[in-house]
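J.: Chains as they are written, first to last, in my numbering: chain B, 1 to 342; chain S, 1 to 342; chain V, 1 to 342.
In short, the hints are calculated from the structure, not lab data.
Among the clues, some could well be false.
Claimed, not checked - Derived BS3-like pairs (lysine-lysine); straight-line CA-CA distance at most 30 Å: (1) B/K2 - V/K161; (2) V/K328 - V/K338; (3) V/K44 - S/K291; (4) V/K325 - B/K291; (5) S/K291 - V/K291; (6) B/K338 - V/K338; (7) S/K44 - S/K90; (8) V/K53 - V/K124; (9) V/K325 - S/K338; (10) B/K332 - S/K161; (11) B/K2 - B/K161.
Just so we're clear, the structure is a prediction, and the values are computed from it rather than from any experiment.
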Amino acid sequence: MKLSEIAHCLNCSLPGAAPDLDILNISSLEHAGEKSITFLSNNKFIDDARNSKAAAIIVKKGIVIEGKINLEVDDPYLGYAKTAQLFEEKEPLFDGPIHPSAIIDPTAAIDVSVWIGPGTIVGKSCVIDKHTNIGANCVIENSTKIGSNCRIDSGVIIRRKSVIGNRVIIQSGTVIGSEGFGNAVENGTFVRIPCFGTVVVEDDVEIGANVTVDRGNFTPTIIRRGARIDNLVQIAHNVEVGEHSAMAAQVGISGSTRLGKGVLLAGQVGLAGHLTIGDGAFVGAKAGVSKNVEPGQKVTGYPARDLMKTRRVEAAQLNLPEMMKEVKRLRKELEQLKDNTL
Amino acid sequence: MKLSEIAHCLNCSLPGAAPDLDILNISSLEHAGEKSITFLSNNKFIDDARNSKAAAIIVKKGIVIEGKINLEVDDPYLGYAKTAQLFEEKEPLFDGPIHPSAIIDPTAAIDVSVWIGPGTIVGKSCVIDKHTNIGANCVIENSTKIGSNCRIDSGVIIRRKSVIGNRVIIQSGTVIGSEGFGNAVENGTFVRIPCFGTVVVEDDVEIGANVTVDRGNFTPTIIRRGARIDNLVQIAHNVEVGEHSAMAAQVGISGSTRLGKGVLLAGQVGLAGHLTIGDGAFVGAKAGVSKNVEPGQKVTGYPARDLMKTRRVEAAQLNLPEMMKEVKRLRKELEQLKDNTL
Amino acid sequence: MKLSEIAHCLNCSLPGAAPDLDILNISSLEHAGEKSITFLSNNKFIDDARNSKAAAIIVKKGIVIEGKINLEVDDPYLGYAKTAQLFEEKEPLFDGPIHPSAIIDPTAAIDVSVWIGPGTIVGKSCVIDKHTNIGANCVIENSTKIGSNCRIDSGVIIRRKSVIGNRVIIQSGTVIGSEGFGNAVENGTFVRIPCFGTVVVEDDVEIGANVTVDRGNFTPTIIRRGARIDNLVQIAHNVEVGEHSAMAAQVGISGSTRLGKGVLLAGQVGLAGHLTIGDGAFVGAKAGVSKNVEPGQKVTGYPARDLMKTRRVEAAQLNLPEMMKEVKRLRKELEQLKDNTL
Numbered sequence: 001m002k003l004s005e006i007a008h009c010l011n012c013s014l015p016g017a018a019p020d021l022d023i024l025n026i027s028s029l030e031h032a033g034e035k036s037i038t039f040l041s042n043n044k045f046i047d048d049a050r051n052s053k054a055a056a057i058i059v060k061k062g063i064v065i066e067g068k069i070n071l072e073v074d075d076p077y078l079g080y081a082k083t084a085q086l087f088e089e090k091e092p093l094f095d096g097p098i099h100p101s102a103i104i105d106p107t108a109a110i111d112v113s114v115w116i117g118p119g120t121i122v123g124k125s126c127v128i129d130k131h132t133n134i135g136a137n138c139v140i141e142n143s144t145k146i147g148s149n150c151r152i153d154s155g156v157i158i159r160r161k162s163v164i165g166n167r168v169i170i171q172s173g174t175v176i177g178s179e180g181f182g183n184a185v186e187n188g189t190f191v192r193i194p195c196f197g198t199v200v201v202e203d204d205v206e207i208g209a210n211v212t213v214d215r216g217n218f219t220p221t222i223i224r225r226g227a228r229i230d231n232l233v234q235i236a237h238n239v240e241v242g243e244h245s246a247m248a249a250q251v252g253i254s255g256s257t258r259l260g261k262g263v264l265l266a267g268q269v270g271l272a273g274h275l276t277i278g279d280g281a282f283v284g285a286k287a288g289v290s291k292n293v294e295p296g297q298k299v300t301g302y303p304a305r306d307l308m309k310t311r312r313v314e315a316a317q318l319n320l321p322e323m324m325k326e327v328k329r330l331r332k333e334l335e336q337l338k339d340n341t342l
Numbered sequence: 001m002k003l004s005e006i007a008h009c010l011n012c013s014l015p016g017a018a019p020d021l022d023i024l025n026i027s028s029l030e031h032a033g034e035k036s037i038t039f040l041s042n043n044k045f046i047d048d049a050r051n052s053k054a055a056a057i058i059v060k061k062g063i064v065i066e067g068k069i070n071l072e073v074d075d076p077y078l079g080y081a082k083t084a085q086l087f088e089e090k091e092p093l094f095d096g097p098i099h100p101s102a103i104i105d106p107t108a109a110i111d112v113s114v115w116i117g118p119g120t121i122v123g124k125s126c127v128i129d130k131h132t133n134i135g136a137n138c139v140i141e142n143s144t145k146i147g148s149n150c151r152i153d154s155g156v157i158i159r160r161k162s163v164i165g166n167r168v169i170i171q172s173g174t175v176i177g178s179e180g181f182g183n184a185v186e187n188g189t190f191v192r193i194p195c196f197g198t199v200v201v202e203d204d205v206e207i208g209a210n211v212t213v214d215r216g217n218f219t220p221t222i223i224r225r226g227a228r229i230d231n232l233v234q235i236a237h238n239v240e241v242g243e244h245s246a247m248a249a250q251v252g253i254s255g256s257t258r259l260g261k262g263v264l265l266a267g268q269v270g271l272a273g274h275l276t277i278g279d280g281a282f283v284g285a286k287a288g289v290s291k292n293v294e295p296g297q298k299v300t301g302y303p304a305r306d307l308m309k310t311r312r313v314e315a316a317q318l319n320l321p322e323m324m325k326e327v328k329r330l331r332k333e334l335e336q337l338k339d340n341t342l
Numbered sequence: 001m002k003l004s005e006i007a008h009c010l011n012c013s014l015p016g017a018a019p020d021l022d023i024l025n026i027s028s029l030e031h032a033g034e035k036s037i038t039f040l041s042n043n044k045f046i047d048d049a050r051n052s053k054a055a056a057i058i059v060k061k062g063i064v065i066e067g068k069i070n071l072e073v074d075d076p077y078l079g080y081a082k083t084a085q086l087f088e089e090k091e092p093l094f095d096g097p098i099h100p101s102a103i104i105d106p107t108a109a110i111d112v113s114v115w116i117g118p119g120t121i122v123g124k125s126c127v128i129d130k131h132t133n134i135g136a137n138c139v140i141e142n143s144t145k146i147g148s149n150c151r152i153d154s155g156v157i158i159r160r161k162s163v164i165g166n167r168v169i170i171q172s173g174t175v176i177g178s179e180g181f182g183n184a185v186e187n188g189t190f191v192r193i194p195c196f197g198t199v200v201v202e203d204d205v206e207i208g209a210n211v212t213v214d215r216g217n218f219t220p221t222i223i224r225r226g227a228r229i230d231n232l233v234q235i236a237h238n239v240e241v242g243e244h245s246a247m248a249a250q251v252g253i254s255g256s257t258r259l260g261k262g263v264l265l266a267g268q269v270g271l272a273g274h275l276t277i278g279d280g281a282f283v284g285a286k287a288g289v290s291k292n293v294e295p296g297q298k299v300t301g302y303p304a305r306d307l308m309k310t311r312r313v314e315a316a317q318l319n320l321p322e323m324m325k326e327v328k329r330l331r332k333e334l335e336q337l338k339d340n341t342l
């Protein structure tokens, strides 16, 4: 790829005298070769940048690494992301467009530009839009709609009537539209409550591997535009994940909880059901949230509370055994003093 | 469906003058339409019930919502569950009974009423009983037995020699019969211990998506009648889950632990190995249990202890930083007092 | 199997007068039959050993169970593991070597001794070495290399360019090579960072069911020789798991964290990103680790700290509500004393 193409994508210009090199790849400062472009997103690595073999470097405006072609941008990490997308392999893994071993119900409406891998099953009345690419051994059950330019990786299961937007990525082993966990009780035995809702995944959502997203009851479970879900996450029935919210691996969200926009959940967080997590809230790793979280609030711990307060409690806990001893000493000395003053 | 059919299922009667309406669906108070039936399971929503568009409503005996046809039952939530089952879609997702792309070993004994989806593999000497419905791209390994009226969703893997009862539901991506995690050590390297046992899933069990149930060693891992297991749960080798026990998503149970009847484990709970959890015990969300739990006991926290005691400790922790300061003040004032009284 | 074959495998000898019995299986003390061999790995079960029906028993050197043929070894638990491996069923589950329904790209180089189950897909330019056995409905994506004598169970997904060593076991539903969770941000929306690295799984590694291992970025994610990973574990991009390290179910390791050799992580542990966990370190169940752990250090809790210190803090916490009351009493009595001494 020509360096000028990268500069164009980053909306910056090549320095005047810079040759329009052929760039082979983007790499880290350490692993870049002589035909690589790299990036400096943290000034503490400026020496590594100088020592990198890269021919070109994406830097923050105002920074210059001598001996390299510098592409100046506002946010070098964002520049890295965009450049990496330029270098991404785009070709499907399997011969297409539709592998002869895929089983497509004749009532499914599939755009001619869609690729479908071997062993994948597409059920009745499914609709799949332009340039969507589906891997091997997936199951797309009846009446599912998938938008354009999606990437559905091998081994994904999308259960019936799910609605997937455009430019959505769903990684291997993930199950969309499993039935929610709801039971009534009769004489000590559980009676299952079937779920009639669906799952709606809006545009530009990305979902990791081996995730489970339960269908809603009456109304859909919704993952809103631009959200990010890491591996092994559980999204229960009727949860709503707000726009541009993100959650790390192994998070679990219980039924009917609603996340606002731009919420961040760190790894292994658990949210109880029927909560509201406000816009821009942050929940620390492994926290267990049992109450609503206000917009912009940062909480952690179990039960989750204000982040700074929790940090102070955690620090204080370390001194707890010593404090217990001190309280006993105080008691003893106070009793002696009482005796003495009587 | 006729309202009289629903009333019959709920073992109640239509009010005398009520017309035997055609009911299209069951829905929530809010989402019901004019041809819906709905339910009132919590009296705090009685105004919503009055404002609901539903034609009919399932209520607790003695409650009457004016303007609706009232079906009076002991437990409206249970009435909802049963009515919802009436409305559940029952038809298989794929043409059947056995999709031509399914690969069935000729030694498997499969009842003529069984439906098997495309791409599903059934191994040697498997037995599958009446009216069981298996989805797409499943793998049922050799010598597995599956009872009648089961629902095995797309993408389930059941490993060899597993025994599945009647009316069992297993959701997509779940693995039954994976090998347990057991190792001896020789000169600092692990030596694998093969597991010779199986998994036994009794009647009326329901298992969520992307769950793992390890086979036992010598004796089987057992999920007893009527148990409920949510998504992404780990059941290790030789665990026994008692009748009508239930566990929420992302619970992990270590090897050889036994749950009694009617045990409830909230989300993300972890149980150590070789424990006994008594009948009717409750374990709070995210708790880590390292000791036996008595029948009927409620525990939470890490390490898990009595629920009420843990709640008091959690409340006290919030005051810990302030208490540390108070103890220091006490020390200082006591020293002054000592000086003064000398 | 002849008892002498077992003795030979355990590098011990049959007692002089012992007949070279046919042994049907290895079993526990309790479940052994008259043609079983069993083992005594803990002397507290010596009475069970005497009462066992087993014909032969693996014991620690110096122990003799009368009435049984005793095979004396240094470590009976290790002897059990090795004997169990002798009795393990080795035959593939499906007719082979390559099931006619498997779809193998003509550019794949597959040794003639490899078995591949029905419905499995093998992509372009894959290489699979001698005696490796792949289950049903797996997907092995383009340019993946798999060594010799591996066992890849049904439903495994190995994404493109992964490198799997020799004698590796990967259980059902596991995804190797999913894309890591990395995003830049532009105007409040996430911009995906594609990952160019791969996953390298070295020799003798064993990975459980429904695990996710993300591919690295620039450099590979690495699982080193002999490591053990239980079910539902998350390994993020660029993690390095050291030789002979082991982790229990539902552990999550964040990006770029490095485990040394012989590290043990108990169930549901979470490790933050960019940490170093030293050789031989131990992390207790459910701990959340946010700082480096020294070689040989034992930590637990959240945030994880020294194991013994954490145990003392946990014990002290139980007394916290009572201590709060005592501090209040001390305050009150001190004030009275002050008044009295004025």
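J.: Hint by hint, say whether it matches the structure.
T.: Results for each hint:
{"no.": "1", "hint": "B/K2 - V/K161", "verdict": "26 Å, holds"}
{"no.": "2", "hint": "V/K328 - V/K338", "verdict": "15 Å, holds"}
{"no.": "3", "hint": "V/K44 - S/K291", "verdict": "20 Å, holds"}
{"no.": "4", "hint": "V/K325 - B/K291", "verdict": "28 Å, holds"}
{"no.": "5", "hint": "S/K291 - V/K291", "verdict": "28 Å, holds"}
{"no.": "6", "hint": "B/K338 - V/K338", "verdict": "10 Å, holds"}
{"no.": "7", "hint": "S/K44 - S/K90", "verdict": "34 Å, violated"}
{"no.": "8", "hint": "V/K53 - V/K124", "verdict": "54 Å, violated"}
{"no.": "9", "hint": "V/K325 - S/K338", "verdict": "23 Å, holds"}
{"no.": "10", "hint": "B/K332 - S/K161", "verdict": "67 Å, violated"}
{"no.": "11", "hint": "B/K2 - B/K161", "verdict": "44 Å, violated"}
Checked against the numbered hints given earlier, the structure breaks hints 7, 8, 10, 11 and satisfies all the rest.
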